[in-house]
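K.L.:
Residue strings, one per chain:
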Amino acid sequence: MDAGLDKVDAIWEKETAIIDGIDISGPWNRMFEQRVIWEYTPELIDKVADLPGAESFSWCYQCAACVPVCPVDMVGDYGPRKLYRKAQTGTDLQSADDLWLCTTCMNCVRVCKKVVDMVQIMPAVREQAVLDGFVPEELQKAFEDTAKYGNPLGQSQRKRAAWTKKSDAPVPIIKDVKRPVDVLWYVGSYPSYHPRGIDAALAAARIFHALDIDYAILGREEKDDGDSQRLAGENGLFEMLAEHNISVFEKYEWEQMVVTGPHEYNAFKKEYAKLGFERPIQHYTQFLSDHLDRLSPLLTHEVQAKVTFHDPCYLGRHHGEYDAPRALLNAIPGLELVEMGRCRENGYCCGGGGGGMWLDSFTQNHTTMRLSERRVLEAAAYGADILAVCCPFEVSRFEDAAKSTGNDQLRVLDILELLDMSMRGEI
Amino acid sequence: MNIVVAIKHVPSTADELEINDEGVNLDFDEVDFTINEFDEQAIEQAVLVKEASGGEVTVIGVDVIEELDGVLHTALAKGADKAAKIVGDLEPPIDSHTQARWLADAIGGLTPDLVLTGVQAVDDLDGQIGPMLAAYLDLPYVGVVTGLSVSDGTATVHKEYAGGVMAEFEVNLPAVVGVQAAEKPPRYAPISKIRQMAKSADLEEYEADENVGDSGCEIRKMAKPVSAGHAEMLEGDAEEVAEKIIEILEERGLL
Chain W
4 MDAGLDKVDA IWEKETAIID GIDISGPWNR MFEQRVIWEY TPELIDKVAD
54 LPGAESFSWC YQCAACVPVC PVDMVGDYGP RKLYRKAQTG TDLQSADDLW
104 LCTTCMNCVR VCKKVVDMVQ IMPAVREQAV LDGFVPEELQ KAFEDTAKYG
154 NPLGQSQRKR AAWTKKSDAP VPIIKDVKRP VDVLWYVGSY PSYHPRGIDA
204 ALAAARIFHA LDIDYAILGR EEKDDGDSQR LAGENGLFEM LAEHNISVFE
254 KYEWEQMVVT GPHEYNAFKK EYAKLGFERP IQHYTQFLSD HLDRLSPLLT
304 HEVQAKVTFH DPCYLGRHHG EYDAPRALLN AIPGLELVEM GRCRENGYCC
354 GGGGGGMWLD SFTQNHTTMR LSERRVLEAA AYGADILAVC CPFEVSRFED
404 AAKSTGNDQL RVLDILELLD MSMRGEI
Chain S
12 MNIVVAIKHV PSTADELEIN DEGVNLDFDE VDFTINEFDE QAIEQAVLVK
62 EASGGEVTVI GVDVIEELDG VLHTALAKGA DKAAKIVGDL EPPIDSHTQA
112 RWLADAIGGL TPDLVLTGVQ AVDDLDGQIG PMLAAYLDLP YVGVVTGLSV
162 SDGTATVHKE YAGGVMAEFE VNLPAVVGVQ AAEKPPRYAP ISKIRQMAKS
212 ADLEEYEADE NVGDSGCEIR KMAKPVSAGH AEMLEGDAEE VAEKIIEILE
262 ERGLL
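Residue numbers (our numbering), protein chains in the order written: chain W, 4 to 430; chain S, 12 to 266.
Isolated chain W (complex conformation) (with noise of 0.2 Å):
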């Protein structure tokens, strides 16, 4: 500490102070002295602020509701005020590795007094990033297998349809149809691609088809919803695929769409529509939910397990619905569904929205523990025998998350395969 100081009160104090010529020296000279917070400019801050979209980052008054509910301050330092503070004392957010923490899970928006809205302001910046080349190495190849091939995980767009040669239940694609249908099926790119996503889009179809439902799907017409890319700052790809999915939707004739993930729900209900897109888009759990007369009675076998459910954020906090994939658990026999202690609007995220899923080992570097595995100590703290999912996201991050936190004995299923399950009595 500098000479001429004293401690007072935990307080540093000059010894004497004198200002415009008046020596003012006294225990109350700090009242003269500048504030740390005014060294700093808020040039960070407007820098942020000024994008389109991330205006709300000043308005942040640091009262700092939204760290403890951070999924991520949870397994390191993170959070919207603590974005703010370092955006104040130096730190350029747009180059920051910061930037690509956020999973957009919206629990700080929830809690934000002063509606601080992360779930813009991180893809205005992020957008701003990749447009001067800053974009981490993964990510960029999630972005590029996209562009190239319509899917994130680098299949080929022409194999979209092919899990549907697997499958008992037929699966009609909509271009072969050649008439109208009910219900137009998105099945996404997880579900069509990934092992254990294809495992939920077999069930699916058993479960469509044992219902009777006049269904179909777009096979290689289909493409990715691009809402994730959009959040990790990749706004032109997006817009490439909604325009793609869009022409494609509005070439056939359907009454509702069903889609198997949360991400695809938001993409198509409140990103398309602002593209002219609006047309009745449901959930699976909410469809099926609706259809629980007629499902309740094919759920023929016990599933005795007990159950605990991992809401998806863009399920959850960014529509609100938490009631139809509890209703389809619980209308299985046999089933015990027990609630984690985050659930509903406060659910833990997964880590893998907003780009985190394709963000694992950058997020892995600033992280003590990935927040798949979180999730999955708390589901093994309440003694849960399956993890119950409906995010194609989710099957895979927290398998892989049971594995590597040693409990191999908790089983993760998308609620699709419980229901089938129940359906056919195999366990």
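Treat each hint with caution, since some may be false.
Stated by the list, open to error - Beta-carbon label-pair distances, calculated as ranges:
| id | chain 1 | residue 1 | chain 2 | residue 2 | range |
| --- | --- | --- | --- | --- | --- |
| 1 | S | 234 | W | 341 | 51 to 61 Å |
| 2 | W | 253 | S | 250 | 25 to 35 Å |
| 3 | W | 305 | S | 28 | 39 to 49 Å |
| 4 | S | 28 | W | 336 | 44 to 54 Å |
| 5 | W | 170 | S | 67 | 52 to 62 Å |
| 6 | W | 253 | S | 62 | 55 to 65 Å |
If you're looking for bench data, these hints aren't it; they were derived computationally from the structure.
Quick caveat: nothing in here was measured; it's all calculated off a predicted structure.
Every residue, glycine too, gets a C-beta built ideally from N, C-alpha and C.
Start from chain W and add chain S according to the hints.
P.N.:
Below, chain S without anything else, positioned relative to chain W:
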């Protein structure tokens, strides 16, 4: 400085490759095309040279299936200044020798100081486009290059040999260089920039001269490899598997 990058549009290996009915090549109707990955490195290296020493980058390729525009727009979004394609009544496959002839005809007219191309391409692993361009244009050639800088009419290039041996060459410009890897990983081209290029960029066109000869090589047969052996999966819990591993190692005299 006038930098030209010669690129190749090749079948995408993300697709499961199908052999055509005649059994002599791929079924090109059942496969998507993509830019050869080594050419992507060449484009990156060209843009890096331009950023370091100034100049203008032109990217040029043979439009084998009439879908090269997207590749050229991407190159422009990454920092190339001009793009051109060689067009005609073309159908795949077009062998490297023919492509090299057409590229040389077009590139010769561009009076390049430096020609970069991928060291080889996944479609034929022939690796001849670079050397043949050099021969047709009567320029020196260095291949398997992993870094390049330019000053005062000379290029200093790093070449990679087997066993991790590196060499540094000085090459008088103009020259042709076959790029193995750019000094940095290829940069990302944001889709909005690519789309902007698609709207605004003019792609120059060169007519392919159909009278040039081919390589003289004919593919007599193409088939998928047949798997010869299988991995043996060891079943059981950790103890049992460990015992089996020890057994196998002892059996082979490795313990």
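K.L.:
Mind listing which of the numbered hints don't hold for this structure, in increasing order?
P.N.:
Violated hints: 2 and 6; rest satisfied.
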